[in-house]
Amino acid sequence: MSTPRLKRNIPGTVIFDGDQARIGYALNKMCFSFNAAECREAFQRDEEAYMSKYRLNDTQKQAIRNRNVLELIAAGGHPYYLAKFAGIFKLDMQDIGAQQTGMTKDAFKAKLIAAGQ
1 MSTPRLKRNI PGTVIFDGDQ ARIGYALNKM CFSFNAAECR EAFQRDEEAY
51 MSKYRLNDTQ KQAIRNRNVL ELIAAGGHPY YLAKFAGIFK LDMQDIGAQQ
101 TGMTKDAFKA KLIAAGQ
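Under the working numbering, the residue at position 63 of the sequence shown is numbered 63, and the numbers go up by one with no gaps.
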């Protein structure tokens, strides 16, 4: 007899577990498709049709429209696959760090520089 596993709770952090993987399957599959240039181009030509092709839910679609990586993670996105999405829009790790901290990119960069001194 196995005992049920307790879910970890880290405040402010979405744990990517089996439940999140199931929720984000379509989103992650779509982002994985961006490995191919023709898929990136198809997405950029008609985002709505491309999201519908992969059957994203309304929450995932809105997070894509918002270009918000944190919303995408909450909607089941895995950071590895979301990097494919972020790359289309030239979002780098500092853009994502700024989103995570609620800062502008310039303020986030200044915080990084100050922390390194």
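Mixed in with the good hints there might be a few duds.
[Stated by the list, open to error] Once the Cα atoms are required to be at most 27 Å apart in a straight line, the calculated DSSO-like pairs of lysine-lysine come out as:
| id | residue 1 | residue 2 |
| --- | --- | --- |
| 1 | 105 | 90 |
| 2 | 105 | 84 |
| 3 | 105 | 61 |
| 4 | 84 | 61 |
| 5 | 109 | 90 |
| 6 | 29 | 53 |
| 7 | 109 | 84 |
| 8 | 29 | 7 |
| 9 | 61 | 90 |
| 10 | 90 | 111 |
| 11 | 105 | 53 |
| 12 | 29 | 90 |
| 13 | 53 | 84 |
| 14 | 29 | 84 |
| 15 | 90 | 53 |
[Claimed, not checked] Okay, the calculated beta carbon distance ranges per label pair:
| id | residue 1 | residue 2 | range |
| --- | --- | --- | --- |
| 16 | 25 | 111 | 30 to 36 Å |
| 17 | 114 | 36 | 36 to 42 Å |
| 18 | 46 | 117 | 23 to 29 Å |
| 19 | 25 | 114 | 22 to 28 Å |
| 20 | 112 | 12 | 30 to 36 Å |
| 21 | 37 | 114 | 36 to 42 Å |
Just so you know, the hints here were simulated from the structure itself, not pulled from any lab data. Just so it is clear, CB atoms sit at the ideal spot from N, CA and C, and this is done for glycine as well.
Checked hints:
1. 105 to 90: Given that 27 Å is the threshold and the Cα spacing comes to 13 Å, the pair holds.
2. 105 to 84: holds, 20 Å
3. 105 to 61: Holds: residue 105 and residue 61 sit about 24 Å apart, inside 27 Å.
4. 84 to 61: holds, 16 Å
5. 109 to 90: Measuring from Cα to Cα gives roughly 16 Å; hence the hint holds.
6. 29 to 53: holds, 11 Å
7. 109 to 84: holds, 22 Å
8. 29 to 7: holds, 25 Å
9. 61 to 90: Between residue 61 and residue 90 the Cα gap is close to 19 Å, so the pair holds against 27 Å.
10. 90 to 111: Holds. Residue 90 to residue 111 sits at ~21 Å (cutoff 27 Å).
11. 105 to 53: violated, 33 Å
12. 29 to 90: Judged against 27 Å, a Cα distance of about 20 Å means the pair holds.
13. 53 to 84: holds, 18 Å
14. 29 to 84: holds, 11 Å
15. 90 to 53: holds, 23 Å
16. 25 to 111: 30 to 36 Å: holds, 35 Å
17. 114 to 36: 36 to 42 Å: holds, 40 Å
18. 46 to 117: 23 to 29 Å: Violated, since residue 46 and residue 117 (Cβ atoms, about 47 Å apart) do not stay within the stated range.
19. 25 to 114: 22 to 28 Å: Roughly 40 Å apart at Cβ, these two residues miss the hinted range, so it is violated.
20. 112 to 12: 30 to 36 Å: This hint is violated: roughly 19 Å between Cβ atoms.
21. 37 to 114: 36 to 42 Å: holds, 39 Å
Checked against the numbered hints listed earlier, the structure breaks hints 11, 18, 19, 20; every other hint is satisfied.
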